[in-house]
Amino acid sequence: MSAPHPLAPEARLLAARDVAGLILALAIVGMPHALRAPWWLTLLTLCLYGWRAVAFAYPRALPAQWLLFLIAGAAMLGVWLAYHTIFGRVVGIVLLLLFSGLKLLETRTHRDAAAVVFLCYFLMITNFLYTQGIFEALAMCLALAVITATAVGFSAPQRALRANIHTAAMLLAHAAPAGLLLFLLFPRVQGPMWGLPQDAQSAVTGLTDTMSPGNIAQLAQSDALAFRAEFTQRIPAPRQRYWRGPALSEFDGRTWRAGLLQLADAPPGLQDGTTYRYSVLLEPHHRHWLFALESPAQRPPHANFSSDGLLLSISPIRNRLRYDMVSVADARPDPAEDPLLLRRALQLPRGYNPKARALGEEWRRAAGNETEVLARAIEFFRSSRISYTLEPPVLGHDSVDEFLFSTRAGFCEHFASAFVFLMRAAGLPARVVTGYLGGDPNPVDGILTVRQSDAHAWAEVFLSGRGWLRVDPTAAAVPARLDAGLARSVPGNVGLPLLMRPELEWLRGLRYNWEALAHQWNVWVLGYNPERQREFMSWFGMHGADWRDLATALLASMCVFAASLLAWSLRRRTRPDPVQAAWHRFCRKLGARGLARAPHEGPRDYADRAARDVPAAANAIRRIGELYILLRYGRTSAQAQLVELKRLVRSLKLA
Amino acid sequence: MLRALRTNPRWVSWFYGFTPPERGIILLGHRRVYIVPTRLGWMFAGALAILLLGSVNYALALGYVLTFLLGGMGFACMVHTARNLALLSVSPGRTEPVFAGEAAQFRLHLDNPSRFDRPSILARHVASGAQLVVDAAANSVAQAMLAVPAARRGRLALGRVMLETRFPLDLFRAWSYVEPEAHCLVYPRPAHSALPPAEAQAAGGGARALAPGNDDFSGLRAYQASDSPRHIAWKTVARTGDLLTKQFSEDAAAELWLDWQHTPSRLGTEERLSLLTGWVLAAERSGASYGLRLPGAEIAPGRGEAQRAECLQALAMFDPP
Numbered sequence: 001m002s003a004p005h006p007l008a009p010e011a012r013l014l015a016a017r018d019v020a021g022l023i024l025a026l027a028i029v030g031m032p033h034a035l036r037a038p039w040w041l042t043l044l045t046l047c048l049y050g051w052r053a054v055a056f057a058y059p060r061a062l063p064a065q066w067l068l069f070l071i072a073g074a075a076m077l078g079v080w081l082a083y084h085t086i087f088g089r090v091v092g093i094v095l096l097l098l099f100s101g102l103k104l105l106e107t108r109t110h111r112d113a114a115a116v117v118f119l120c121y122f123l124m125i126t127n128f129l130y131t132q133g134i135f136e137a138l139a140m141c142l143a144l145a146v147i148t149a150t151a152v153g154f155s156a157p158q159r160a161l162r163a164n165i166h167t168a169a170m171l172l173a174h175a176a177p178a179g180l181l182l183f184l185l186f187p188r189v190q191g192p193m194w195g196l197p198q199d200a201q202s203a204v205t206g207l208t209d210t211m212s213p214g215n216i217a218q219l220a221q222s223d224a225l226a227f228r229a230e231f232t233q234r235i236p237a238p239r240q241r242y243w244r245g246p247a248l249s250e251f252d253g254r255t256w257r258a259g260l261l262q263l264a265d266a267p268p269g270l271q272d273g274t275t276y277r278y279s280v281l282l283e284p285h286h287r288h289w290l291f292a293l294e295s296p297a298q299r300p301p302h303a304n305f306s307s308d309g310l311l312l313s314i315s316p317i318r319n320r321l322r323y324d325m326v327s328v329a330d331a332r333p334d335p336a337e338d339p340l341l342l343r344r345a346l347q348l349p350r351g352y353n354p355k356a357r358a359l360g361e362e363w364r365r366a367a368g369n370e371t372e373v374l375a376r377a378i379e380f381f382r383s384s385r386i387s388y389t390l391e392p393p394v395l396g397h398d399s400v401d402e403f404l405f406s407t408r409a410g411f412c413e414h415f416a417s418a419f420v421f422l423m424r425a426a427g428l429p430a431r432v433v434t435g436y437l438g439g440d441p442n443p444v445d446g447i448l449t450v451r452q453s454d455a456h457a458w459a460e461v462f463l464s465g466r467g468w469l470r471v472d473p474t475a476a477a478v479p480a481r482l483d484a485g486l487a488r489s490v491p492g493n494v495g496l497p498l499l500m501r502p503e504l505e506w507l508r509g510l511r512y513n514w515e516a517l518a519h520q521w522n523v524w525v526l527g528y529n530p531e532r533q534r535e536f537m538s539w540f541g542m543h544g545a546d547w548r549d550l551a552t553a554l555l556a557s558m559c560v561f562a563a564s565l566l567a568w569s570l571r572r573r574t575r576p577d578p579v580q581a582a583w584h585r586f587c588r589k590l591g592a593r594g595l596a597r598a599p600h601e602g603p604r605d606y607a608d609r610a611a612r613d614v615p616a617a618a619n620a621i622r623r624i625g626e627l628y629i630l631l632r633y634g635r636t637s638a639q640a641q642l643v644e645l646k647r648l649v650r651s652l653k654l655a
Numbered sequence: 656m657l658r659a660l661r662t663n664p665r666w667v668s669w670f671y672g673f674t675p676p677e678r679g680i681i682l683l684g685h686r687r688v689y690i691v692p693t694r695l696g697w698m699f700a701g702a703l704a705i706l707l708l709g710s711v712n713y714a715l716a717l718g719y720v721l722t723f724l725l726g727g728m729g730f731a732c733m734v735h736t737a738r739n740l741a742l743l744s745v746s747p748g749r750t751e752p753v754f755a756g757e758a759a760q761f762r763l764h765l766d767n768p769s770r771f772d773r774p775s776i777l778a779r780h781v782a783s784g785a786q787l788v789v790d791a792a793a794n795s796v797a798q799a800m801l802a803v804p805a806a807r808r809g810r811l812a813l814g815r816v817m818l819e820t821r822f823p824l825d826l827f828r829a830w831s832y833v834e835p836e837a838h839c840l841v842y843p844r845p846a847h848s849a850l851p852p853a854e855a856q857a858a859g860g861g862a863r864a865l866a867p868g869n870d871d872f873s874g875l876r877a878y879q880a881s882d883s884p885r886h887i888a889w890k891t892v893a894r895t896g897d898l899l900t901k902q903f904s905e906d907a908a909a910e911l912w913l914d915w916q917h918t919p920s921r922l923g924t925e926e927r928l929s930l931l932t933g934w935v936l937a938a939e940r941s942g943a944s945y946g947l948r949l950p951g952a953e954i955a956p957g958r959g960e961a962q963r964a965e966c967l968q969a970l971a972m973f974d975p976p
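Heads up: the protein sequence lines correspond to chains A and B, in order. Take 1 as the starting number for the first sequence in the working numbering and just add one per residue. Take 656 as the starting number for the second sequence in the working numbering and just add one per residue.
Simulated from the structure, these hints should not be mistaken for laboratory data. Do not take every clue at face value.
Which stretches of chain A does chain B cover? Using the computed rule of at least three CB atoms under 8 Å from a CB of chain B, they are [stated by the list, open to error]:
id	segment
1	52-65
2	130-141
3	170-178
4	228-236
5	524-530
The following residues of chain B were derived to be distant from chain A, with all beta-carbon distances above 12 Å [stated by the list, open to error]:
id	residue
6	Pro-676
7	Leu-707
8	Ser-775
9	Arg-807
10	Pro-823
11	Leu-850
12	His-886
13	Leu-936
These figures come from a predicted structure and were not determined experimentally. Beta carbons are placed, not taken as given, at the ideal position from N, Cα and C, and that holds for glycine.
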């Protein structure tokens with residue numbers, strides 16, 4: 001019993017095929033990480049893989065343990081120098097990549113190889129922290145196939161690779177239904193169970209709650225998705241597609257901030273206008289706000305209105321979120337407003353932008369009423385010939401003055417900031433509103449896609465007796481921005497995302513199809529959350545299913561699946577030999593007449609005895625016996641003889 | 656109760672699903688195939704738990720997909736592992752007799768009637784630990800030779816054999832016990848010593864000693880495997896290519912009796928049998944005609960493979976009165 005167990009993984013050494021499979025699997029799962037890791041670490045990991053491959057031909061080239069420790073120590077020092085920490089998510093993933101190379105290098109038996117396989121699984125799932133698209137899912141399937149085929153090779157070292165791949169494919173095919181059932185029915189838990197690391201929300205682009213010159217222009221160069229909106233009936237006209245984000249009321253001379261927010265239960269009162277019903281699928285941005293078409297008339301669950309008309313979720317949007325909305329476009333706003341808010345909307349920092357301040361005060365003096373001040377301001381922007389550019393010049397201390405009177409080029413945040421400044425100088429309460437303008441309706445599925453490149457800033461002015469009115473100074477200066485979107489408003493396509501350039505129409509067509517698919521992916525795979533799960537269960541008549549119902553349904557369906565898989569494995573090959581089948585039929589026919597074959601009786605004896613007892617069919621019976629012996633024991637077997645045997649047996653009459 | 660479970664043959668056969676020894680072809684039904692996770696299987700389950708925790712905490716939809724796919728694969732692996740062993744037919748093959756101290760080569764036929772191959776099946780002789788890994792291809796019969804040490808003369812029963820597999824992913828271990836009715840004849844361990852002296856044989860029954868020099872050539876006959884190379888007619892072989900053995904008149908007449916009574920009585924039964932075994936082998940090598948006389952049994956003189964086998968079997972199965 002002391003002999004090593006020949007099937008135990010620690011007793012079996014790796015073959016060249018196993019090493020090749022492991023390196024291939026690691027290359028697939030490690031690639032996305034390698035593109036993000038520091039270049040020297042990627043290079044080091046690749047060298048370690050290469051070393052293992054070489055060491056297969058020259059086993060003496062495998063490093064000693066102390067050398068591996070040395071490499072690990074040096075690499076960890078490098079990581080510390082690059083990140084100033086060896087903890088945290090990003091660093092952890094980078095180290096995981098490094099360890100995959102180190103582990104591979106000390107892999108000698110199948111037990112070590114199993115550890116590498118587990119490392120592959122962890123490398124795969126950590127990639128999903130960054131991106132979970134369709135391509136990543138396909139890459140995952142490919143990696144799983146390679147890993148499984150390699151692992152099958154561990155337990156069947158003598159078997160052909162093709163057969164192992166076939167087994168792996170069968171395993172994955174059998175895993176898929178179980179995986180689907182688990183995915184749909186496993187009781188989902190929402191939200192983090194413990195705190196996310198500090199760096200969990202790094203590298204997420206999107207609107208922030210501040211605005212200073214140039215930061216929206218920078219955001220507008222990103223092609224990243226902000227959200228998608230699916231309208232139930234019609235899609236609003238381009239000039240109505242203002243998606244409201246945070247309103248910014250506090251200005252320190254350079255940066256606009258949101259300031260304190262008050263929560264309100266009810267939406268601001270609205271009258272008239274066109275009602276739109278739609279649902280929004282919002283990408284996670286780790287902030288509280290929810291985007292809605294101006295002006296939102298309804299509050300999604302787990303959200304509140306702020307006093308400046310913004311929708312705020314109770315918890316930050318960490319996962320893709322879907323919510324139904326009702327908005328009223330072009331409505332008449334509520335004329336009543338909190339005086340405290342109005343006072344805040346008039347504040348201006350001292351010592352900034354003296355020329356703009358003077359201009360505003362001049363308008364105030366010259367104009368008879370608020371409406372006329374507003375008209376003068378809009379007229380000022382319309383005739384100003386300030387150019388609209390994605391690459392605005394850098395502004396100094398008096399950002400509004402420089403923009404209006406010297407550089408005369410800017411992006412929407414410059415226009416909005418200057419306009420609000422002028423309005424406040426003229427004594428009208430005003431604020432900056434950030435959000436998105438536009439959105440691309442997909443001709444394939446009609447879903448409106450809003451990207452970061454649609455980011456926009458506009459202004460709201462409060463007129464007494466009329467309430468807050470939206471004024472878009474950018475649209476006044478560059479009317480094309482409203483109807484044609486960013487791409488046609490910026491001259492010369494400077495700095496535009498590639499796919500927004502008008503000459504690439506065909507590419508956009510392709511992209512529309514792809515996005516329609518991606519939307520379904522987002523809704524059904526990535527956005528499958530406890531609510532979706534309940535919705536799914538209600539299709540089967542299980543309304544308001546809680547986790548117990550889900551667990552019961554999961555258990556029941558898994559039992560059905562297990563039973564069918566077991567039945568598949570129990571199935572025996574029942575494909576009787578046609579000669580044997582014909583002979584059995586012959587025996588049954590004779591048996592029915594009381595001439596059953598004795599166990600010791602051979603076909604010749606049996607046929608002779610039967611022929612004597614049934615003289616009428618003696619010839620046929622003898623011929624059947626002859627044919628059976630010929631087909632069963634003869635050296636050659638002809639199809640014609642088999643056909644004859646079948647025919648004779650079928651037409652045998654014993655009566 | 657537990658003792659009854661272990662000792663009562665009816666309980667034992669109920670527990671294992673068969674009554675040893677089993678005659679004929681043994682079909683491994685699903686009821687006879689046991690399966691448990693291996694250590695690697697438990698580690699796989701642990702890794703899945705970590706993946707699931709990560710997926711829940713970071714709300715990774717694709718993490719869920721990965722975790723559940725792997726979970727499904729673990730489940731499928733269990734069925735595949737059991738299937739790799741179930742519905743296999745086991746039957747014993749012929750075994751050649753061996754001498755005590757050697758290893759009996761038990762042959763097991765693993766008949767795979769299915770359309771899929773069953774790789775990496777371990778056959779392990781439970782008592783001795785003799786083991787072998789075989790691959791049973793689809794629609795074919797694989798052979799496993801188990802080298803079981805034969806310590807004592809007599810009839811060695813194969814005993815219990817465990818068939819085990821961990822294919823395809825090493826996550827589960829499926830095994831089954833079989834106890835086919837297979838025996839190996841074990842001859843006594845031969846003691847190498849000179850043939851008994853001539854006078855002893857004369858006392859035994861008229862046979863004359865084989866003395867060198869008495870070789871009056873009497874003719875040629877066809878070569879037999881047991882013939883001494885010294886008696887092959889090499890010249891004839893060179894001329895005709897036929898293997899012929901020279902026969903000598905004295906040889907033909909000589910009758911050698913190997914008698915229990917000629918072995919020293921101070922020795923124990925087994926040692927005396929060993930001595931007789933050595934004599935049988937030596938007599939066969941010398942090409943003489945020999946007979947065996949044991950208490951209660953006598954084998955008439957003869958020569959050749961059959962005579963040798965008969966004598967050795969009588970020695971192997973000798974039951975002292």
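Outcome of the hint check:
With a threshold of 8 Å between beta carbons, the proposed coverage of the segment 52-65 of chain A by chain B is violated, since 0 of its residues qualify and at least three are required. With a cut-off of 8 Å between beta carbons, the segment 130-141 of chain A has 4 residues touching chain B; three or more are needed, and the interface restraint holds. Three residues within the 8 Å Cβ limit are the bar, and the segment 170-178 of chain A against chain B gives 8, so the coverage statement holds. Counting residues of the segment 228-236 of chain A whose beta-carbon sits less than 8 Å from any beta-carbon of chain B gives 0, not enough to reach three: the coverage restraint is violated.
Evaluation of the coverage hint for the segment 524-530 of chain A: fulfilled, as 5 residues show C-beta separations to chain B shorter than 8 Å, against a requirement of three. Here Pro-676 (chain B) stays apart from chain A, with its beta-carbon at least about 22 Å from theirs, past the 12 Å limit. Leu-707 (chain B), annotated as away from the interface, has a beta carbon of chain A within 12 Å; the closest lies near 9 Å. Against the 12 Å criterion, Ser-775 (chain B) falls within the reach of chain A, whose nearest CB is about 5 Å from its own CB.
Distance to chain A confirms Arg-807 (chain B) as a non-interface residue, since its nearest Cβ pair spans about 21 Å, more than 12 Å. At the 12 Å boundary, the C-beta of Pro-823 (chain B) falls inside the reach of chain A, the nearest C-beta of that chain being 5 Å off. Consistency note on Leu-850 (chain B): stated as away from chain A, and its beta-carbon is indeed over 12 Å from all of that chain's, at 41 Å minimum. Here His-886 (chain B) stays apart from chain A, with its beta-carbon at least about 43 Å from theirs, past the 12 Å limit.
With a minimum CB-CB distance of about 32 Å to chain A, Leu-936 (chain B) clears the 12 Å threshold, and the non-interface call stands.
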